[in-house]
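With chain A's structure known, arrange chain B on it following the hints.
Listed below are the residues making up each chain.
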Amino acid sequence: MIEVSRLTKSFAKRVAVDDLSFTVQAGRVTGFLGPNGSGKSTTMRCMLDLDRPDVGTVRFAGQPFSDFKRPLSEVGAVLDAGYAHPGRSGRNHLRYLAVSNGLPASRVDAVLDLVGLSEVANRRHGTYSLGMKQRLGLAAALLGDPPILLFDEPMNGLDPEGIRWMRQFLRFLSAEGRTVLVSSHLLSEMDQTADDLVVIGQGRLIAADSMATFIAANVRAWVSVSTPQASELAVALGNRGGLVSPDGGGGLRVEGLTAAQVGETAFASGAVLHSLSTQQASLEEAFMQATGSSVEFRGQAFPEAPAPSAPVAGSTWAAPECRS
Amino acid sequence: MKLLSAEWLKIRTVISTKVLLIIAFGLTLVVGCLVAANVGIDPLGDFDPLVLSLTGGSIAVTLLGVVSVLCMAGEYRSQSIRATLAAVPQRSRLFAAKAVLVVLLNVGFAALALGLTTGLAWVILIARGQAPEFGNEHIATLGGGLILFALHGLVGLAIATLIRNAAAAICLLVLWPLLFEGLASVMLGLVKVPELSKFLPFSAGAQLFLQNQGAEDVMSRWSGGLYFAGFAAVLCAAALWLFNRRDA
Chain A
0 MIEVSRLTKS
10 FAKRVAVDDL
20 SFTVQAGRVT
30 GFLGPNGSGK
40 STTMRCMLDL
50 DRPDVGTVRF
60 AGQPFSDFKR
70 PLSEVGAVLD
80 AGYAHPGRSG
90 RNHLRYLAVS
100 NGLPASRVDA
110 VLDLVGLSEV
120 ANRRHGTYSL
130 GMKQRLGLAA
140 ALLGDPPILL
150 FDEPMNGLDP
160 EGIRWMRQFL
170 RFLSAEGRTV
180 LVSSHLLSEM
190 DQTADDLVVI
200 GQGRLIAADS
210 MATFIAANVR
220 AWVSVSTPQA
230 SELAVALGNR
240 GGLVSPDGGG
250 GLRVEGLTAA
260 QVGETAFASG
270 AVLHSLSTQQ
280 ASLEEAFMQA
290 TGSSVEFRGQ
300 AFPEAPAPSA
310 PVAGSTWAAP
320 ECRS
Chain B
0 MKLLSAEWLK
10 IRTVISTKVL
20 LIIAFGLTLV
30 VGCLVAANVG
40 IDPLGDFDPL
50 VLSLTGGSIA
60 VTLLGVVSVL
70 CMAGEYRSQS
80 IRATLAAVPQ
90 RSRLFAAKAV
100 LVVLLNVGFA
110 ALALGLTTGL
120 AWVILIARGQ
130 APEFGNEHIA
140 TLGGGLILFA
150 LHGLVGLAIA
160 TLIRNAAAAI
170 CLLVLWPLLF
180 EGLASVMLGL
190 VKVPELSKFL
200 PFSAGAQLFL
210 QNQGAEDVMS
220 RWSGGLYFAG
230 FAAVLCAAAL
240 WLFNRRDA
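Chain order of the listed sequences is A and B. Mapping of the first sequence onto numbering that gives the first Met the number 0: position 19 corresponds to residue 18, and the numbering continues sequentially without gaps. Mapping of the second sequence onto numbering that gives the first Met the number 0: position 227 corresponds to residue 226, and the numbering continues sequentially without gaps.
Honestly, I wouldn't trust all of these hints.
Stated by the list, open to error - Some chain B residues near chain A, calculated using beta-carbon distances under 8 Å: (1) Ser-4; (2) Ser-15; (3) Ser-77; (4) Leu-84; (5) Gln-89; (6) Arg-127; (7) Gly-128; (8) Gln-129; (9) Gly-142; (10) Arg-244; (11) Asp-246.
Unchecked claim - Derived EDC-like pairs (lysine to aspartate or glutamate); straight-line CA-CA distance at most 20 Å: (12) B:Lys-197 <-> B:Glu-215; (13) B:Lys-1 <-> A:Asp-66; (14) A:Lys-12 <-> B:Asp-47; (15) A:Lys-12 <-> A:Glu-73; (16) B:Lys-1 <-> A:Asp-53; (17) A:Lys-68 <-> A:Asp-144; (18) B:Lys-191 <-> B:Glu-215; (19) B:Lys-197 <-> B:Glu-180; (20) B:Lys-191 <-> B:Glu-180; (21) B:Lys-191 <-> B:Asp-216; (22) B:Lys-197 <-> B:Asp-216; (23) B:Lys-197 <-> A:Asp-18.
Since the hints were derived computationally from the structure, they do not count as laboratory data. Please read all numbers here as calculations on a predicted model, not as lab measurements. All residues carry an ideal CB built from backbone N, CA and C; glycine is no exception.
Next up, chain A with everything else stripped away, as it sits in the complex (with noise of 0.2 Å):
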């Protein structure tokens, strides 16, 4: 369990983490998110003291992170790929890791082992791909087999493949009764990894709750419908209470129904339905929502464009050519 209380660092006149308290439990996943400029890395290097905050403490099982004798028995981190010697081997970096810590030569060939980085631990780092530092980064985490395990945008960097071993690998290591924190921009893993949230925006925290809750509380589910009579439809929902927009396909987008309703409304009205499905909110129109006000770095905006069409049959794909 990870207890952040109070939390507040500034950089000169900035305040990068203000006032930041929340709690992650052990064997849940949670995500840490909040848009770029939020304070989510400062915020993991406070928590382990590589940053000195203002005010405010962390405690991992109850103790701060500057008490441990073997911390990396206590709590793993992967903050940053780059985190090595250039000139260093992949195995020699773990290797003084683990000598600093104690822990026993053996382990230092599990962990490669476990994150396939084996046959090529003896390069240097600086020939590594951010892939493979990655990998590395997460190696060093595990190093002590703590309890506790911190990640900040552990996805950067790999392959499909990779970014679909990591999810399961950290199901797995919350499933063991770990505690597991996730920093991620990429909303579409952590909606697939996380059980809980903690968002942040400039610093402040807006939400610590539930993934279910959170999107619950920031985005309703609507129902999409198409139909030829889309005009008359629209109007017939609009009497039963529904609120109606274009969906941007062509459809309608309505909230405030079910499907069922919408349904029998048109039916009641004689429009034809060519398809009715209920559309689940998805974390990243949550965050959008919750985070829309928070954003410091925004770029030019665009009209929204439609979804690439499925590929038409009888056409010809020729998939490119990929070498690693």
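For chain B alone, coordinates are given in the frame of chain A:
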């Protein structure tokens, strides 16, 4: 002991430090042999040819200082200091381990390089028909050399911790004794207080490894050493204070 082993492992698993140690060792030996092979049969005044053969050590002490700088600044350059501190959050313990390693490495290197150089120079001088004496002066110079290597290493470590930039720390460590103190001596002479130049820290520390002691305008071997040790202690204290307070 665990931390010391980890720090030693870091030093010996990076090529740049190994290359620097080999170059420093080779230079000390080669210069020593060349001096012993070419020094005049009639020694230069009061200079003992055996002590003169240790001249290469003055270059090696700078190179070992660079190794000491890299021991800390190299971690900041690669950001591996964050991985290190995530494994060892007690920063004073980490700094102490690095300081002990720097002292052991410098003293060990100096003992081996200066001892071997003395032996080779002895053989060469005997082969040339001389009968070098291994007297108190030689023992004092060797002992002073070991202390100078250790203190110079600590100064390098402290400067690296204070500056955290490898290139800037190396420049400062190399240029301070060679350039800044030289210029300061000239300036002090111009303002009619040349006697103050003996208080320049690297000049004072260098007395540890010089022969022909007793000049009025410089400190004695052991006074200079003590003064330089105080300088190194102040720098280390400042470095530790900042190391404990700064963000990594």
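Hint by hint, here is what the structure shows:
1. Taken as an interface hint, Ser-4 (chain B) checks out: its beta carbon lies about 5 Å from the nearest beta carbon of chain A, inside 8 Å.
2. With a least beta-carbon distance of about 7 Å to chain A, the hint placing Ser-15 (chain B) at the interface is held under the 8 Å criterion.
3. Here the hint on Ser-77 (chain B) is kept, as its CB sits about 4 Å from the closest CB of chain A, short of 8 Å.
4. For Leu-84 (chain B), the interface hint holds, the least distance from its beta-carbon to any beta-carbon of chain A being 6 Å, beneath 8 Å.
5. For Gln-89 (chain B), the shortest C-beta to C-beta distance to chain A is roughly 6 Å, which falls under 8 Å, so the interface hint holds.
6. A hinted interface residue such as Arg-127 (chain B) counts as satisfied when its beta carbon comes closer than 8 Å to some beta carbon of chain A; here the least separation is about 44 Å, so the hint is violated.
7. Violation of the interface hint for Gly-128 (chain B) is found here, the shortest Cβ-Cβ separation to chain A being roughly 48 Å, above the 8 Å cut-off.
8. Among the interface hints, the one on Gln-129 (chain B) is violated; its C-beta lies about 45 Å from the nearest C-beta in chain A, farther than the 8 Å criterion.
9. With a least beta-carbon distance of about 33 Å to chain A, the hint placing Gly-142 (chain B) at the interface is violated under the 8 Å criterion.
10. Proximity of Arg-244 (chain B) to chain A holds as hinted, the smallest CB-CB distance being about 7 Å (cut-off 8 Å).
11. Hint on Asp-246 (chain B) holds. Least Cβ distance to chain A is approximately 4 Å, under the 8 Å limit.
12. Our distance criterion of 20 Å between C-alpha atoms is met by Lys-197 (chain B) and Glu-215 (chain B), whose separation comes to about 9 Å.
13. Between the alpha carbons of Lys-1 (chain B) and Asp-66 (chain A) the distance comes to roughly 17 Å, so the proposed pair stays at or under 20 Å and holds.
14. Pair hint Lys-12 (chain A) plus Asp-47 (chain B) does not hold up; C-alpha atoms about 62 Å apart against a cutoff of 20 Å.
15. Pair hint Lys-12 (chain A) plus Glu-73 (chain A) does not hold up; C-alpha atoms about 34 Å apart against a cutoff of 20 Å.
16. Taking the CA atoms of Lys-1 (chain B) and Asp-53 (chain A), the gap is near 31 Å; set against the 20 Å cutoff, the hint is violated.
17. For the hint linking Lys-68 (chain A) to Asp-144 (chain A), the alpha-carbon distance of about 15 Å falls within 20 Å, and the restraint holds.
18. For the hint linking Lys-191 (chain B) to Glu-215 (chain B), the alpha-carbon distance of about 16 Å falls within 20 Å, and the restraint holds.
19. With a C-alpha separation of about 10 Å, the suggested pairing of Lys-197 (chain B) with Glu-180 (chain B) holds against the 20 Å cut-off.
20. This hinted pair checks out: Lys-191 (chain B) and Glu-180 (chain B) have alpha carbons roughly 16 Å apart, not beyond 20 Å.
21. For the hint pairing Lys-191 (chain B) with Asp-216 (chain B), the CA-to-CA distance comes to about 13 Å; that is within 20 Å, so the pair holds.
22. Proposed proximity of Lys-197 (chain B) and Asp-216 (chain B) is supported: the alpha carbons are some 6 Å apart, at most 20 Å.
23. Only pairs whose Cα atoms come within 20 Å are accepted, and Lys-197 (chain B) paired with Asp-18 (chain A) is rejected, the gap being roughly 54 Å.
Checked against the numbered hints above, the structure breaks hints 6, 7, 8, 9, 14, 15, 16 and 23 and satisfies the rest.
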